[in-house]
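Engineer: Please take these sequences and the hints and turn them into a complete structure.
So the chains spell out like this:
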Amino acid sequence: MQWEIVIGLETHAQLSTQSKIFSGAAIAYGAAPNTQACAVDLALPGVLPVFNRAAAEKAVKFGLAINARINRKSVFERKNYFYPDLPKGYQISQLELPIVAEGGTLRVQVSPASGQAYEKEVRITRAHLEEDAGKSLHEDFHGMTGIDLNRAGTPLLEIVTEPDMRSSAEAVAYAKSLHSLVRWIGICDGNMQEGSFRCDANVSVRPKGTDKLGTRCEIKNLNSFKFLEKAIDHEVQRQIDVIESGGRIVQETRLYDPDRDETRSMRSKEEANDYRYFPDPDLLPLVVDEAFIETARLTLPELPQAKRDRFVADYGLPVYDATILTASRDLSSYFEESAKTLAGDNKLVANWVIGELSATLNKEGKDIAESPIASAQFAGLMKRIQDGTISGKIAKEVFAAMWAGEGDADVIIEAKGLKQVSDSGAIEKIVDEVLAANPGMVAEFQSGKEKAFNALVGQTMKASKGKANPAQVNEILKKKLAG
Amino acid sequence: MLNATLKELSAQLAAKNISSVELTGEYLARIERLNPSLNAFVALDREKSLAQAKSADALIAAGKSSLLTGIPFAQKDIFCAHGWPTTCGSKMLANFVAPYDAHVIEQFNRAGAVNLGKTNMDEFAMGSSNETSYFGKVKNPWNTDAVPGGSSGGSAAAVAARLAPAATGTDTGGSIRQPAALCGISGIKPTYGTVSRYGMIAFASSLDQGGPMAKSAEDCALMLNVMTGFDPRDSTSLEREKEDYTRDLEKPLVGLRIGLPKEYFAAGLSADVAQAVEAALAEYRKLGAVTVDISLPNSQLAIPVYYVLAPAEASSNLARYDGVRYGYRAPEYGDLADMYGKTRAQGFGAEVKRRIMIGTYVLSAGYYDAYYLKAQKLRRLIAQDFSAAFQQCDVIMGPTAPTTAFNLGEKSDDPVSMYLSDIYTIAVNLAGLPGMSIPCGFGSTKLPVGLQIVGDYFAEAKMLNVAHQYQKATDWHLRQPL
Chain A
442 MQWEIVIGLE THAQLSTQSK IFSGAAIAYG AAPNTQACAV DLALPGVLPV
492 FNRAAAEKAV KFGLAINARI NRKSVFERKN YFYPDLPKGY QISQLELPIV
542 AEGGTLRVQV SPASGQAYEK EVRITRAHLE EDAGKSLHED FHGMTGIDLN
592 RAGTPLLEIV TEPDMRSSAE AVAYAKSLHS LVRWIGICDG NMQEGSFRCD
642 ANVSVRPKGT DKLGTRCEIK NLNSFKFLEK AIDHEVQRQI DVIESGGRIV
692 QETRLYDPDR DETRSMRSKE EANDYRYFPD PDLLPLVVDE AFIETARLTL
742 PELPQAKRDR FVADYGLPVY DATILTASRD LSSYFEESAK TLAGDNKLVA
792 NWVIGELSAT LNKEGKDIAE SPIASAQFAG LMKRIQDGTI SGKIAKEVFA
842 AMWAGEGDAD VIIEAKGLKQ VSDSGAIEKI VDEVLAANPG MVAEFQSGKE
892 KAFNALVGQT MKASKGKANP AQVNEILKKK LAG
Chain B
108 MLNATLKELS AQLAAKNISS VELTGEYLAR IERLNPSLNA FVALDREKSL
158 AQAKSADALI AAGKSSLLTG IPFAQKDIFC AHGWPTTCGS KMLANFVAPY
208 DAHVIEQFNR AGAVNLGKTN MDEFAMGSSN ETSYFGKVKN PWNTDAVPGG
258 SSGGSAAAVA ARLAPAATGT DTGGSIRQPA ALCGISGIKP TYGTVSRYGM
308 IAFASSLDQG GPMAKSAEDC ALMLNVMTGF DPRDSTSLER EKEDYTRDLE
358 KPLVGLRIGL PKEYFAAGLS ADVAQAVEAA LAEYRKLGAV TVDISLPNSQ
408 LAIPVYYVLA PAEASSNLAR YDGVRYGYRA PEYGDLADMY GKTRAQGFGA
458 EVKRRIMIGT YVLSAGYYDA YYLKAQKLRR LIAQDFSAAF QQCDVIMGPT
508 APTTAFNLGE KSDDPVSMYL SDIYTIAVNL AGLPGMSIPC GFGSTKLPVG
558 LQIVGDYFAE AKMLNVAHQY QKATDWHLRQ PL
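Protein chains in written order, with this note's numbering: chain A, 442 to 924; chain B, 108 to 589.
Worth double-checking, as some hints may not be accurate.
[Said to hold, decoys possible] To spell it out: a stretch of chain B is covered by chain A in this simulated footprint if at least three of its residues, at any positions, have a beta carbon under 8 Å from a beta carbon of chain A; those stretches are:
| id | segment |
| --- | --- |
| 1 | 167 to 181 |
| 2 | 293 to 306 |
[Unchecked claim] Below, simulated DSBU-like cross-link-like pairs (lysine-lysine); rule was C-alpha separation at most 35 Å, straight line:
| id | chain 1 | residue 1 | chain 2 | residue 2 |
| --- | --- | --- | --- | --- |
| 3 | A | K514 | B | K481 |
| 4 | A | K576 | B | K460 |
| 5 | A | K892 | A | K870 |
| 6 | B | K481 | A | K710 |
| 7 | A | K710 | B | K155 |
| 8 | A | K520 | B | K449 |
| 9 | A | K661 | B | K569 |
| 10 | B | K114 | B | K569 |
| 11 | B | K484 | A | K514 |
| 12 | A | K520 | B | K484 |
| 13 | B | K114 | A | K710 |
| 14 | A | K576 | B | K198 |
| 15 | A | K617 | A | K837 |
| 16 | B | K569 | A | K520 |
| 17 | A | K576 | B | K449 |
| 18 | B | K460 | A | K710 |
| 19 | A | K520 | B | K460 |
| 20 | B | K155 | B | K349 |
| 21 | A | K671 | A | K514 |
| 22 | A | K919 | A | K870 |
| 23 | A | K748 | A | K870 |
| 24 | B | K198 | A | K520 |
| 25 | A | K921 | A | K908 |
| 26 | B | K155 | A | K514 |
[Stated by the list, open to error] Residues from chain A that face chain B, not an exhaustive set, calculated with beta carbons under 10 Å:
| id | residue |
| --- | --- |
| 27 | V516 |
| 28 | R519 |
| 29 | F523 |
| 30 | I588 |
| 31 | F666 |
| 32 | F668 |
| 33 | I734 |
The hints are simulated quantities; they were obtained by calculation from the structure and are not laboratory data. Backbone N, C-alpha and C define an ideal beta-carbon position, used for all residues, glycine too.
Structural biologist: Okay, structure coming up:
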């Protein structure tokens, strides 16, 4: 049977506020255990939550960015369950009335392992505010559990999609696109190792061509795109195997174990908690008025999709390049600043940003914001390629020197004598020497072996230490050999 | 001195006829003598109290005192007070020492008042007789076989027995008014949101409200001036201008319209209480007030609605007492679930457990709509009854409780009959209105009767005026147990 995969994602994005969602404690990552937990976070008797409006502003920005309806009035509710790292015995969340209501969408670029890349629209059902729990530490306590409440009360935006994704590739494309968006609009640092952005995947399968959703399983806490992909692939295969061998899928929560590359059952629907949600009487409904929403709208930067379209229209870039360049706001700004400074060959700048620059950043594990080459300097290098002062190959050498902090492109070109030789007399002289030194190659060429020509070009470039203008070398060699 | 008003005490202190250290010392000595038979206080700290008294004397000497400076107040053990045990009447918090001050405590401290000690209460404020306290029953000073009422029974008994000039209480369904009535003192539960709940241990958050318990309406007004005020740490605290609750005390009552809900004078009300209340109403007519018959048609729903909503909130509010971070933890347990189970089974008393179970039940999947949601809707109807009533009258009056103080043990095995002792007070909390009780006579067993005065939202100054004028004309509030 042909199976259709159905995936919906729930993503927890940690909002980058200064303090917690219901207390004044800081939320910086990595502090010593329980040093960022105040009386409210510890749920001492008598303490009360006070909502941090900065979290609402970030949630509203997200809602606007995906074109969702914003609930003017949303309600905090208590989700009741016992766990040692949940100090109050309930989590404050939103259920019936989330701050970001329906209507939101995200257009994502899917690049499947095989086949054509395509665009897909994923509908976002809702996004709601809630507080994070603390952490239980099971190591180092000799049969006991340590509780660290630094994270308790950290503001989260839980973003829930419709079951719109049909493959792990689509799920990953959505997650990447969402990850890029939340960082783009400055509401989340997106640090997946630190747990600032984590996904739960709801996965089910159904016979192709049917409408009814299959029974789903939820895979919890996937904190990398790779794990997300592998967990879904594994879970899909597991479900198909169960059904095809006559079994039935049980609705349950499963955990992905990256070491074994498998998912295993955490709890079934029957075992699931009855959370006894009810509106938190300690908190008033969260009201956002038109002015609040407009202020949030004004602080929104140009969004990735709009910028991508503009890069295609204004800079004449292919959609593919524009998509890559708008994967992050910093990268897109870098490109645009460089292109504006150069005011010339935009495609050249795009190629170099996507190529050499991105590759070097990747290799060194750096973010574009940490690039040792500023966009203006980068444009300076582009200028010298564009005007023929250096070849592309030499440019890579100059780029490396710039990266190492040796100065601007012109300084390096001058100091290292890398200026391209475009003096045809000088090139002719080198060509003559190469032809004289390689009679064998010349003979091969003349007997019809075209490859020998490339070898002679190579020899000439080598003899010029790469500085000869390759186009001129070609031309002069052709002329001499024909001669 | 024992009958002195707060104003008189303040004048004595200002005139340096007595120091705060002496005054505090005298009360501590009286507590030492009488508390063993009443059990009104659960925590005393002579050193701390006297240190505060000493600071107060310094303020007075420096001419920097305010009206309450140097006066000792008993604090209900539901308010966190830095460095003081704060137990909420529970084994669960028997070892808990508060590391911070509640807003109410801060306000008293700012005024230079002295914390005289923490008063006994029903466990987590759940009770109407003060019999559910882990620290033992409180006795009614008028008759030590009788209950003092609850949950602020310790505060009520302390003030009635003159172990403190005045005390604080909290009121979720009548916990200030009912014990005030049963002990023959004055107490007011302000409009919800007037007194910050920060540091006041939560029972049912949407109903809980702190307030003063004192010998007179005037003393209540002076305390309210200190206890109220916007507190950004409580999201339900109302951002209103500070008011002087004594401003209307001396206004005459001519033309005052007193609404008498027929439902509050119906079956269930004992004859002696009805008689005392009728006599009080006659007194009010003499003062120029007129009485108007009104109806609160949904009155009979108040108790069922309350016993859905309050336990629902309580079941969640009390989830934090899990043995993990502070408070009681069972000495022996197996796994985590067992630790929770044993800790809570051993740490909470029967009434608290009963309410946690009710609350858990009404919030459960499949029952939520039928109980919690329905109760919320009815709560609005109850509030609408009052809004409609206040079209016809300025204040509402009736009995605070259906009977005078019942005997210890009389109702402790019958929760429903116990719950019925709050039948006239609960609706006021559900509506968020201010309610007050003042003494208005004695019943057939020579126990005090309370008159309840209910005002519209923020009508505290008017209610205090209405009570004060009555207390000028009568002396019930000056009677004290022998």
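Engineer: Are there hints from earlier that the structure breaks, and if so, what are their numbers?
Structural biologist: 1, 7, 9, 13, 16, 21, 23, 26, 27, 31, 32, 33
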